[in-house]
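Mind docking chain B on chain A? Use the hints.
For reference, the chains in residue letters:
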Amino acid sequence: MSYLPEGTPVPSPGPDDAPFWDACDRQELRIQCCADCGTFRHPPIPVCAACRSTKSTWARTSGTGTVFSYTVAHHPTHPALHGAPPYNIAVIHLDGAGDVRLVSNVVDVPPDEMRIGMRVIVVWDAIGDGHFLPRFRREDGP
Amino acid sequence: MTAREASICGRAAIVGIGETAYAKHGGLRGRTEIELCMEAICKAAEDAGVPLDEVDGFTSYGFERHEPVVIQAALGIPELRYASLVWGGGGGGCAAAVMNAALAVATGQCRHAVAYRSICQGQYERYGQFRQRPLWGSFISPFGLMSPAQMTALTFRRHMFLYGTNREHLAEVALTFRENAQRNSRAVTFGKPLDRETYFAGRPIADPFHLYDCCLETDGACAVLVTSEERSRDLRQKPVRILAAAQASGPGWSLGPMGTHNMPMDDYATINSRVVARIVFEQAGLTPADIDVAQIYDAFTGLIPMALEDYGFCERGGSGDFIAAGNLRFATGALPCNTAGGLLSEAYLHGLNLVVEGARQIRGTSTSQVENARTCLVTSGGGGGHKSALILGH
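For the protein sequence lines, the chains are A and B, in the order given. Positions in the first sequence are counted from 1; adding 91 to them yields our numbering. Positions in the second sequence are counted from 1; adding 1 to them yields our numbering.
Derived by calculation from the structure, the hints in this document are not laboratory data. Please read these numbers as outputs of a predicted model, since none were measured by experiment. Hints should not be assumed to be uniformly reliable.
Stated by the list, open to error - Over the 10 Å line for every Cβ pair with chain A, so calculated as not near, a few chain B residues:
no.: 1; residue: 6
no.: 2; residue: 7
no.: 3; residue: 48
no.: 4; residue: 50
no.: 5; residue: 68
no.: 6; residue: 109
no.: 7; residue: 138
no.: 8; residue: 158
no.: 9; residue: 204
no.: 10; residue: 207
no.: 11; residue: 269
no.: 12; residue: 364
no.: 13; residue: 366
no.: 14; residue: 370
no.: 15; residue: 372
no.: 16; residue: 395
What the hints assert, rightly or not - Label pairs and their calculated CB-CB ranges:
no.: 17; chain 1: A; residue 1: 138; chain 2: B; residue 2: 68; range: 25 to 35 Å
no.: 18; chain 1: A; residue 1: 110; chain 2: B; residue 2: 267; range: 24 to 34 Å
no.: 19; chain 1: B; residue 1: 193; chain 2: A; residue 2: 148; range: 53 to 63 Å
As the list claims (entries may be wrong) - Selected chain B positions facing chain A (Cβ under 8 Å, derived; list incomplete):
no.: 20; residue: 139
no.: 21; residue: 143
no.: 22; residue: 287
no.: 23; residue: 315
From the three backbone atoms N, C-alpha and C, an ideal C-beta is built for every residue, glycine too.
Same shape as in the complex, but just chain B:
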């Protein structure tokens, strides 16, 4: 049996997507995070045409505050058969949560599993502020290294030093994604186009990152309902098949930029996704050239060039030229990217909204629909520990 035959490839599908309204942090006053969480889950089940009583699996990833048993009880769901939380903080697990849902339904551990993420930064903490680190905080916080923007700025600064990437490349990323968000009325920045002058005038946050290099702070929730390939055929929506799903970390990465920055010398200016990239392409039997559209984790613009290199869309050090050539643009680029606006311009739901948009592209219902999109790569966060990715398709 080949690696592909033994893998999850084609054995599960996303059949339902659910989203609440997305708003700037504090923008959904009067609604609580768990309320948003349950709304997204219910909408995903409704979209799939699956009775809520038949949803018996729940998955999420680090930083999620609402446990499956609490949601099960709140929604009066009779039986819970599968619940899992992916290790690590923030977005490293957004694709892995969907992978866990896929593994559970493909092996019969449960019938339908919902992967979900809810964030109410208005009700709880803001991620851009100091937070106690569970490990090695003593080696970073006393030196004023506290926010993901600062942590990622350090790795991307090294990328600039090694390869000559610059703010022009970051501007192209920010403006491209904002442009996509102008076609997406769900986006927090819908109706707020961004021009070059405004981008370059953005106040500095953590050099080289300025305001428009940093993702939004959002209140909202989203969810995807995953079921087995067999069950997916009889449901309301065209199934979005999971062609690959993996979670991986390269040697010695540990917590990477969220830790003490002692990643292997040669991997420092990466997002630790070369291993996960190899695995998903192997599972799906595809190469980067086969990817029609991509949703790449963009908590900061600088993650995009490093991701493009890790996933093999260009050579190491070649991402600046790749981006400058307009390859990420909708309609004209070779690899339209973050077609709903991404975390920079749609909403910051730790990447699960990238999975939702990936599903839309395969359904053919994106507001920036790539013609005949047959494959969509969805990637996880660029910061912390392990990374995960999906390839969605027909």
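Excised from the complex, chain A in its bound form:
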């Protein structure tokens, strides 16, 4: 079962970010990386801010990271979310991808146990039609 209910908006990839979501569907966490200077960037965009090269690759990451910040949502802000709160929203600073952070959720941690600095690892949450979202669980969890 997915962390958030069916009916929650799903990704609608465009040309710039399709490689990210295609990788997710293969359960690989890939982050766009400059082919010339190696700087990671997110969200996907066609140019490197560090060297302005337009050549990029999609580097596979370990899927581990650290909770950089979080909030616990108590108020349903979308019709599909009625009954879902409280749920957490976390900003995950990924390992091995420079400063890149992903907005996601930590699926196995109750609201009052969320902490900045918590170590997490990606889990692939099926959202139907063969699509997966990168969510996270506690790295030292079960």
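Quick look at chain B alone, frame taken from chain A:
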């Protein structure tokens, strides 16, 4: 020529202010948003003593639904010479819209320009709910990150982690602004004082923000009429001079918390206003210590500590102590703040009502008037992309 001499400093003035009644969303049933919009514009012109036919410029900012040409035609205004909309959503452009009006009148592009904002959340959407994001929605909405409260909670949570700011500091902000609103009969919360117990009992919205950390949802409109320094001398009201007006963004901020939260590591727990702060103080030839009163964008209480640091009223990480010392309070604080009640307690007009209150302070007509107020800083939103600010004065 110095940066100050080349700038907008002193070349334009706010000479008219206009406001409709403010009410809780849905509270002005029977009136439409465009009707409120036109009422505020007409009142600003009337307040200035400028015939509506001579208003030939209009400015607003992201999320405004009513185009200048529509308003011009509806009001039968003969000639439109300047119209602009600032990029970005919500309040990031509230001061920039006034800046654009000032630039237009100072350079003769038009005679009188009105900056306006109308919001009827009763008629249209509510901002606290999911809305399609024009960019990068795929990276946030599927994870349940949908409302500005949640987005700002993430940045302020990091501020708490880094600097030890806490809910006591947020309470001081909320209670101070609510107290100001009790002297302002226009405020939506007039007659509804807030005490500590009620504040702390507020239901959680997006931790650490609870109910009273979040701004109101308002129906209403407001407007300010801006004209050149030269024309301002002959009008009905004491001119409120625009001593500085700027719009800016720091490196790499992009859409900030309204995007994917990949702002520069060191800037994450800020409101991206350090650049705009530097520019407005430079333009006006002033420092934070010279500011007598401030109107700071307070869609959420947590924006205030981050803004105080960005604008240099205290050191980074020092805002909790600054707030706890009572510095924001009317009559006794070193920096009386949001003297009409702000977005938390007066009305949520995406910050343009902060400009209106800033003008009142310089006129000397605020309901929480700071004695001998000679300078007022007005800042824009804390969320999305670029930020803007004004320094108003004599």
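Now for the hints, and whether the structure bears them out:
1. 6: holds (34 Å)
2. 7: holds (30 Å)
3. 48: Label holds. Min Cβ-Cβ 38 Å, cutoff 10 Å.
4. 50: holds (45 Å)
5. 68: holds (28 Å)
6. 109: Answer for residue 109 of chain B: holds, closest chain A Cβ roughly 38 Å.
7. 138: For residue 138 of chain B, whose nearest Cβ neighbour in chain A is about 7 Å away, the distance does not exceed 10 Å, so it is violated.
8. 158: Nearest chain A Cβ is 5 Å from residue 158 of chain B, so the label is violated.
9. 204: Nearest chain A Cβ is 7 Å from residue 204 of chain B, so the label is violated.
10. 207: Given that some Cβ of chain A is not farther than 10 Å from that of residue 207 of chain B, nearest at about 5 Å, it is violated.
11. 269: violated (7 Å)
12. 364: holds (39 Å)
13. 366: holds (38 Å)
14. 370: Fine: 37 Å to the nearest Cβ keeps residue 370 of chain B off the interface.
15. 372: holds (40 Å)
16. 395: holds (42 Å)
17. A/138 x B/68: 25 to 35 Å: holds (33 Å)
18. A/110 x B/267: 24 to 34 Å: Holds, at about 29 Å.
19. B/193 x A/148: 53 to 63 Å: holds (57 Å)
20. 139: holds (4 Å)
21. 143: holds (6 Å)
22. 287: violated (33 Å)
23. 315: violated (22 Å)
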